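The listed protein sequences derive, respectively, from chains A and B.
First residue of the first sequence: 1, per the numbering used here; consecutive thereafter.
First residue of the second sequence: 1, per the numbering used here; consecutive thereafter.
Calculated directly from the structure, the hints in this document are not laboratory data.
Accuracy of the hints is not assured; some may be wrong.
Cβ-Cβ distance ranges computed for the label pairs, FRET-style [claimed, not checked]:
#1 B/55 x A/257: 54 to 64 angstroms
#2 B/183 x A/209: 48 to 58 angstroms
#3 B/26 x A/29: 35 to 45 angstroms
#4 B/108 x A/282: 35 to 45 angstroms
#5 B/169 x A/207: 53 to 63 angstroms
#6 A/243 x B/55: 36 to 46 angstroms
#7 B/161 x A/29: 35 to 45 angstroms
#8 B/108 x A/29: 20 to 30 angstroms
#9 B/183 x A/126: 51 to 61 angstroms
#10 A/257 x B/195: 35 to 45 angstroms
#11 B/108 x A/350: 45 to 55 angstroms
Keep in mind the model is a prediction, meaning the values are calculated, not measured.
Every residue, glycine too, gets a C-beta built ideally from N, C-alpha and C.
Chain residues, written in single-letter form:
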Amino acid sequence: MAKKKLFSPASAKWDDPPNTNVALVDAGVPGSLPLLNPECMQLAARAIIGLDGKVQNQSSFDRKHYFYSDQPLGFQITQQHSPIGRGGKIHLGTNEGLKYTKDIRISQMQLEQDTAKSIHAVYPGYVLTDLNRAGVALLEIVSEPDIDTPDEAALCVRKIQTLLRHIGASHCNMEEGSMRCDVNVSVYRDGECRLSGTRCELKNLNSLKVIRGAINAEVRRQIEVIHNGKQVEQETRGFDARQGKTFLARSKEDAPDYRYMPEPDIPEVHLTDQWIEAVRATLPELPEAALARIQGQYSLSKDTVETMLDEPGCIGLFENVAKGRNAKVVAAWITSEVFGQLSYRAQRLQDSTLTANQLSALLDALEGKMVTSTQAKQLLVEYMNGDVRSVADLIKAHGWEVISDEGKLADIAKSILDEHPKEIEGYLKGQKRRLNFFVGKVMSATKGQARPQDVSRIVHELLEKRR
Amino acid sequence: MDKAAGAQRLADLGCEVVQVSLPHIPSSLPAYYTLAFAEASSNLARYDGIRYGTRSSQRPETTGSNNASYKYTCTRSEGFGVEVQRRILLGTYVMTASASEKYHVLAQKIRRLVQKDFDSVFSLPNALALHSTKVSDAMLVNRPAGVDALLFPTTTDSAPFLDAKDPNPITGYVNDVMTVSANLAGIPAISVPFGSDSAGMPIGLQLAAQYGDDNLLLAIASYL
């Protein structure tokens, strides 16, 4: 979510036209030097704190060398020796969809550069390189080998997504490439040591479904290899989703020697405890704590609160609007109406024009029966379209003022009844649907500005009087 | 005219001249070249002919995963001169997994020891050390028994003749032994012409001072 790249002032925006966000150092132009972007340190620190890890007071950068067309400098600047974050954990339980609870420990979290994007199969024989992505900051989260099932792996990734989105550290969107996943898989026989198997790395898994599928396919393959009396070789493999199989990408012999070396152009980074605490203070309440508190405080269901927690900024909106109002009504409006509109517009709540004041006023008008449910929904649409008028002004603009004067309604109803003696007769004979006929007529006469329930009641009274 | 004459001249100008010991200086030469070549192999890795510069016109015969490295090989072999290729290859080697500990890491350790040698003789503390986290209190205090500057030759021998042919490139490197220590330690140094030897070839004298003390060196040099 950083605006600029890790070591250059070029924009980190992911969907701009190719090769438009390229600083000199991103292209490896001779003489250009990297300069650490403090915003990336802050976002990394936020993520580390959110994942319960420890932000290191000292960290440094290293060069990882290999030649590839998507690596303009011939090396990646990463943190092999002293990463910015150590420790941490991802808690999985019933909230996440697991039937039991388990903590997946984090080994470390390190900042590093992303590579350029290589585009194949556009011009035969050519690989196109888009340097927009070259140098964008990545935070690599390395877990301990605690994961035992494909489900745990996928849920772990999803939990990280939820957490980091909530904190505002990353969009964690696998489709747009703001989150990627590599999985290491090994198997072991019952009774053997859990980590005794050789592990293979599965790279470039780009959705939760693919993660599950790839792990299952690889486990099947390794078991078959062992049953055939052979050894599992250490390899880097990819996943062919169509065939449901993993394939060899790189064998152990072809694995490159990265020749790590300290990055001489970036001094050691010192983060004081005060700086770290200041970052911690800017973090929103973490999801687990918020879930428990809001469920209890407002008596809402877990599903409702979780749905709201999943959208950054939503809890803030909810609590603001819920002050002095019916929390269940507010939550229902947010999770169905507001979210429905956001989904329709493919918009995030934080980018919407809807304000807490607008939603509050809208719900008050509904509660005070100044608008019907349908009208309130229309107001919501208008606010989300950018309208800034008050509810009162909008009601007037639409001509929705409700006629609540019962005397006036009774007069209108009486005159309509007088015009239709046959229907009165029919009703008195037992044709109940004549009531709806009169209600419809009165509603037309009032141009819909009366409440159907009121009209129905008044007409019913008047009809009964004529018995 | 030589080092002794230089020392005498400084004494005549009112300097107190003492002898100091920098035991790790002899190791600074191999350490320097190990580190310099490693950094060269790293900094020159960007010259692949893809985004700028010369690109080989050779077309690879085969397609497949070896395609990419073949293109790099051709471009870099054509584009770099012999000496540069030598340095890149040596620098790459010392950073490989099997050699790194023995050469590259060791060279970095020697570098730290060379820096400590200088810090132990200078009276001025090393300002760079103040930003490191592995610093001892002893490194931070002005040392009354310390010296302000160091005097030593610039080269071990006089300048080689242009037509002198030595097939061993290492000889050229060895001649750098007097100047690389300052580079490793990151301190200022200056070479000053000071007379000639018995054969009439010019001699250079070198002065070095603690990090940041550049003006002192320029002042002393102006007197020499």
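Just pull the numbers of the violated hints for me, sorted ascending. Those not satisfied are hints 1, 9, 10.
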